[in-house]
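Chains as they are written, first to last, in the numbering used here: chain A, 1 to 492; chain B, 1 to 477.
It should be emphasised that the hints constitute simulated quantities derived from the structure, not laboratory data. Treat the hints with caution; some may be incorrect.
Pairs of lysine to any residue, SDA-like flavour, derived with a Cα cap of 20 angstroms [what the hints assert, rightly or not]:
#1 K110(A) <-> A431(B)
#2 K467(B) <-> K110(A)
#3 K467(B) <-> R76(A)
#4 K421(B) <-> L169(A)
Derived, one-sided and incomplete: chain A residues facing chain B with beta-carbon distance under 7 angstroms [to be verified]:
#5 F12
#6 L16
#7 L19
#8 L22
#9 E142
#10 I168
In this text the structure is predicted, and so the values were computed from the model without any measurement. Each residue gets a CB set at the ideal place from its N, CA and C atoms; glycine is no exception.
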Amino acid sequence: MNGFPLLTAIIFLPLLGGLVLLARPDRPGFCRMVSLGVTLGDLALVVLLVFLGMENAAGQWFRMEDYAWIPSVGIRYTLAADGVSLMLLLLTAFLGVLSVLVSWKQIREKVSSYYFFLLFTLTGILGVFLATDLFLFYFFWEIQIIPMFFLVGIWGHEQRSRTAMKFILFTMTGSLFMLIAIIGLYVIHGRQTGIYTFALPHLLETSLSIGTEGWLYAAFMLSFGVKIPMVPLHTWLPDTHTQAPTAGSVILAGLLLKTGVYGIFRFALPLFPLAFRAFAPVLMVLGLIALFYASWIALSQVDIKRLIAYSSIGHMGLVVLGLAVLNSITLSGSLLQMINHGVSTSALFILVGMLNERIDSRQFRDFGGLWKKMPVFSAFFLFFSMAALGLPGLNNFVGEILILIGTYRVHPVAAVFGFAGLLFGVVYVLRMIQDTIFGEFPGEETTLRDLEAREIIILGTLALSVLFLGLWPEPVLNLFQEPVNALISGIS
Amino acid sequence: MESTWILIFPEIILATGGLLILCTGAFQEKKEGQLIFFLSLIFLGGAIGASVFVPLSGTSLNGMLDGGGYARLFSTLIFCIAFFCVLFSFNYAKNHSFDGDEYYAILLFSVLGMDLAAKAAHWLIFFLGLELLSISLYILIAIRRDDPFFGEAGLKYLITGAVAGAFLVFGIGLWYAGCGSLSVITRLSSGAQAADIPIMLAALALILVGIGFKISMVPFHLWTPDVYQGSPAPVTAFLATGSKVAVFAFLIRFCFHMPDPLWGPVQPILWVLAFLTLVAGTLTALSQSQLKRLLAYSSVAQMGYLTMTLLAVKMESGLFALAFYLMVYAAMDLGAFGIIASLSDEREDRDALEAYEGMGYTHPWSSAVLTFSLLSLAGLPPTAGFVGKVILFKAVLQAGAVSLAIIAIAMTVLSIYLYMKVVAILYMRPASATKPAFQMGLYEQMGGAFILTFLLWAGVASSPLLKIIESMVQMAN
Numbered sequence: 001m002n003g004f005p006l007l008t009a010i011i012f013l014p015l016l017g018g019l020v021l022l023a024r025p026d027r028p029g030f031c032r033m034v035s036l037g038v039t040l041g042d043l044a045l046v047v048l049l050v051f052l053g054m055e056n057a058a059g060q061w062f063r064m065e066d067y068a069w070i071p072s073v074g075i076r077y078t079l080a081a082d083g084v085s086l087m088l089l090l091l092t093a094f095l096g097v098l099s100v101l102v103s104w105k106q107i108r109e110k111v112s113s114y115y116f117f118l119l120f121t122l123t124g125i126l127g128v129f130l131a132t133d134l135f136l137f138y139f140f141w142e143i144q145i146i147p148m149f150f151l152v153g154i155w156g157h158e159q160r161s162r163t164a165m166k167f168i169l170f171t172m173t174g175s176l177f178m179l180i181a182i183i184g185l186y187v188i189h190g191r192q193t194g195i196y197t198f199a200l201p202h203l204l205e206t207s208l209s210i211g212t213e214g215w216l217y218a219a220f221m222l223s224f225g226v227k228i229p230m231v232p233l234h235t236w237l238p239d240t241h242t243q244a245p246t247a248g249s250v251i252l253a254g255l256l257l258k259t260g261v262y263g264i265f266r267f268a269l270p271l272f273p274l275a276f277r278a279f280a281p282v283l284m285v286l287g288l289i290a291l292f293y294a295s296w297i298a299l300s301q302v303d304i305k306r307l308i309a310y311s312s313i314g315h316m317g318l319v320v321l322g323l324a325v326l327n328s329i330t331l332s333g334s335l336l337q338m339i340n341h342g343v344s345t346s347a348l349f350i351l352v353g354m355l356n357e358r359i360d361s362r363q364f365r366d367f368g369g370l371w372k373k374m375p376v377f378s379a380f381f382l383f384f385s386m387a388a389l390g391l392p393g394l395n396n397f398v399g400e401i402l403i404l405i406g407t408y409r410v411h412p413v414a415a416v417f418g419f420a421g422l423l424f425g426v427v428y429v430l431r432m433i434q435d436t437i438f439g440e441f442p443g444e445e446t447t448l449r450d451l452e453a454r455e456i457i458i459l460g461t462l463a464l465s466v467l468f469l470g471l472w473p474e475p476v477l478n479l480f481q482e483p484v485n486a487l488i489s490g491i492s
Numbered sequence: 001m002e003s004t005w006i007l008i009f010p011e012i013i014l015a016t017g018g019l020l021i022l023c024t025g026a027f028q029e030k031k032e033g034q035l036i037f038f039l040s041l042i043f044l045g046g047a048i049g050a051s052v053f054v055p056l057s058g059t060s061l062n063g064m065l066d067g068g069g070y071a072r073l074f075s076t077l078i079f080c081i082a083f084f085c086v087l088f089s090f091n092y093a094k095n096h097s098f099d100g101d102e103y104y105a106i107l108l109f110s111v112l113g114m115d116l117a118a119k120a121a122h123w124l125i126f127f128l129g130l131e132l133l134s135i136s137l138y139i140l141i142a143i144r145r146d147d148p149f150f151g152e153a154g155l156k157y158l159i160t161g162a163v164a165g166a167f168l169v170f171g172i173g174l175w176y177a178g179c180g181s182l183s184v185i186t187r188l189s190s191g192a193q194a195a196d197i198p199i200m201l202a203a204l205a206l207i208l209v210g211i212g213f214k215i216s217m218v219p220f221h222l223w224t225p226d227v228y229q230g231s232p233a234p235v236t237a238f239l240a241t242g243s244k245v246a247v248f249a250f251l252i253r254f255c256f257h258m259p260d261p262l263w264g265p266v267q268p269i270l271w272v273l274a275f276l277t278l279v280a281g282t283l284t285a286l287s288q289s290q291l292k293r294l295l296a297y298s299s300v301a302q303m304g305y306l307t308m309t310l311l312a313v314k315m316e317s318g319l320f321a322l323a324f325y326l327m328v329y330a331a332m333d334l335g336a337f338g339i340i341a342s343l344s345d346e347r348e349d350r351d352a353l354e355a356y357e358g359m360g361y362t363h364p365w366s367s368a369v370l371t372f373s374l375l376s377l378a379g380l381p382p383t384a385g386f387v388g389k390v391i392l393f394k395a396v397l398q399a400g401a402v403s404l405a406i407i408a409i410a411m412t413v414l415s416i417y418l419y420m421k422v423v424a425i426l427y428m429r430p431a432s433a434t435k436p437a438f439q440m441g442l443y444e445q446m447g448g449a450f451i452l453t454f455l456l457w458a459g460v461a462s463s464p465l466l467k468i469i470e471s472m473v474q475m476a477n
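For reference, chain A alone in the conformation it holds in the complex (with noise of 0.2 angstroms):
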């Protein structure tokens, strides 16, 4: 089982060429070329990883490395890799390279300690994607915040160190009432069957009672609930959003709000299927509740970031809606939204961290009539804001369609509040492109600098990977449809 760890490699590159990073802190030039070269490593990595599985796949998993880790407590090294992991990682991967590039003259001071977080971060999220021992998962998870923390606190905006305080306060509540709930599994398990284990397969076989199963169930949603983040527990991401880098936003819009899901989709949901059913109709209020307050709320505000990250609430609405219907049409549309959403909405964070470069502001008011000032990067801003509000033929389309179809079947009513809450998004993403790129520019400046080759190779690969999903979403699809079986299949 054990061969070369490739996942292993996969995860760990990053943070290991972050530490060769913090060697140099004297040659930002240096720093930069060697992060983008471990990015790049990683996703090859990553593509290697794929190419690898599709040959060797035994049944849900393409790859596994299991090692004993503290063994007088019964925790493993466990990593396994399935469809959905794959393009988690692939996600993430890409993501990753783009952060490193997107930073590349935004990141003036501390060049070196910006990437070390920054690559840090990536290998807590690559780790969470991977990790199948509870304990294993549970460390990725708490360790991804501490290096964003930093991120936001110190390469922020004006309220930098109050907003990193918000983000890892909120976060940590949710998962600090999850590591109870993983450690009370975890007893109750070995109480049972005498193995003290966290693995998650020994895990699935634990019987609790409804209410025990009930309360650790609520725990853990409390965790996932807070990163994805589901109406009421999301007032943390307006906030960092706006105070974080670009990168930040990326990696938070990107990335850490999938953990959430995922975390849904690997854990909360096959350990507490009974608990999963019995709160359905919640979770699917809350995501409904999500999609239209969201979307509401993001139509008022005057702040760029925070309407992109409140679209991003809304979005995740409708994701948390399709797990809750649960059956293999809408948790496949989930899965594939998510990569869709990480995709579209960094893309937009990428745009508007771009726009604050020239004007630096984030404000409506200065914005206007971009079009004529900046054509090339009005173009893509239009392209990537028409797939966020789900145009046919581009990615979210297609997870949207999948989502709201499923859930027809089974509960009309629910799908026909989601399509009227898309329409409420389509609303606020018009208002957003009418206040940018068309009207009068209220500025002095007669000519701003447009996109540069370095930013249209960014937006470039971003609005192919848009068009990939959105033309030929076959091929993930087909990734998905391994582990959503497996997981239906597992609770009924």
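Please arrange chain B on chain A, whose structure you already have, making use of the hints.
Only chain B this time, still in chain A's reference frame:
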């Protein structure tokens, strides 16, 4: 007969060391600390070595000392703590001109007291050890005689210590009256009457008050912040780690061997004490604006976590968790107070939180050690504190104290705010130019580097250490 003497070899080394240092001081022309500093390091190193290599045994010396693995673990830990305190003391003592023989010799005597308290299997030995450590600490705290501030702290510790001692002696007396033996580990003989139980409980209450003072359990903790703040920083480090570990080690033995008819009523008392200590320690720490006071309250809260784990003391997993967490606790508090010591100048200790603004950039290594200690106190990965908390909560849940565990987790959330606030001050504020600080000296660097490595290593690769503890725990009885 010979084999029993070898068992107290570490203690003999320490006592000899202390006396030898005093003699050296007497014959030294000029008071200069280098030689004495090295002597105390050598004797402490010797004690560590002896403690590791002397073969284990059961209860020895007529049932006075516990020679088993569990006790040995703690006395080795105490020697290591003292070793690092001496490392952190060197510059501080030199700058504050108390680096004579008396400081190091008294430090060694106080280590001897801690060691005896930790190993005691007999109430008299425990009391002897406790008094030895307390009296030495009274002096160490007030070692700067010219400074009324330190004198005040010493006096406070003296008075509370005396009160605690009085409670303890009375408790021990009642205990003797109740069961007719001063041994800590005798089980209640079959002859013990049900009528004796109330007396034993009264004894227990008094003993808990006495011990509670020493390990600053709420509501007996009020001296802690004042004394911590008023003591020289290296002494604070020693006080916060060494004396706590020693007394707690004894408390563990006491609870572990407590006869069942007593253990039943004691559990709810411990529950309440743990609850109070956790909640009060964490909540008061939140509003502190001085680092030493903040850490003082945080150490009160840490005692709360440990007291909570005492509920699981009758299980192997509980003993295991307590041993590991005490070790981690010692390392992280040593790191934090040691760094304060290394940054303080000759006038006063670096205490106000504002003085730490932006130090992450002016003093990267000191800040790294401090940050790791704080992350570990908060229980965040990849530090030792995280693994420690997980093992600890596991034991508590196994003992069935679910509601207490949930309260403790809520307090952990609050404490994350507390510790991250300090980290944010270190890294997320511009450096304050008002108060330049020392860079670390060589010995402090060595101590800091070791603590940093330990916290990281025990956080990601703790299994060898845990294996050792596991094998020691199995020999606990």
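Do the hints match the structure? See the list:
| no. | hint | in the structure |
| --- | --- | --- |
| 1 | K110(A) <-> A431(B) | holds, 14 angstroms |
| 2 | K467(B) <-> K110(A) | violated, 41 angstroms |
| 3 | K467(B) <-> R76(A) | holds, 15 angstroms |
| 4 | K421(B) <-> L169(A) | holds, 11 angstroms |
| 5 | F12 | violated, 11 angstroms |
| 6 | L16 | violated, 14 angstroms |
| 7 | L19 | violated, 12 angstroms |
| 8 | L22 | violated, 10 angstroms |
| 9 | E142 | holds, 5 angstroms |
| 10 | I168 | holds, 6 angstroms |
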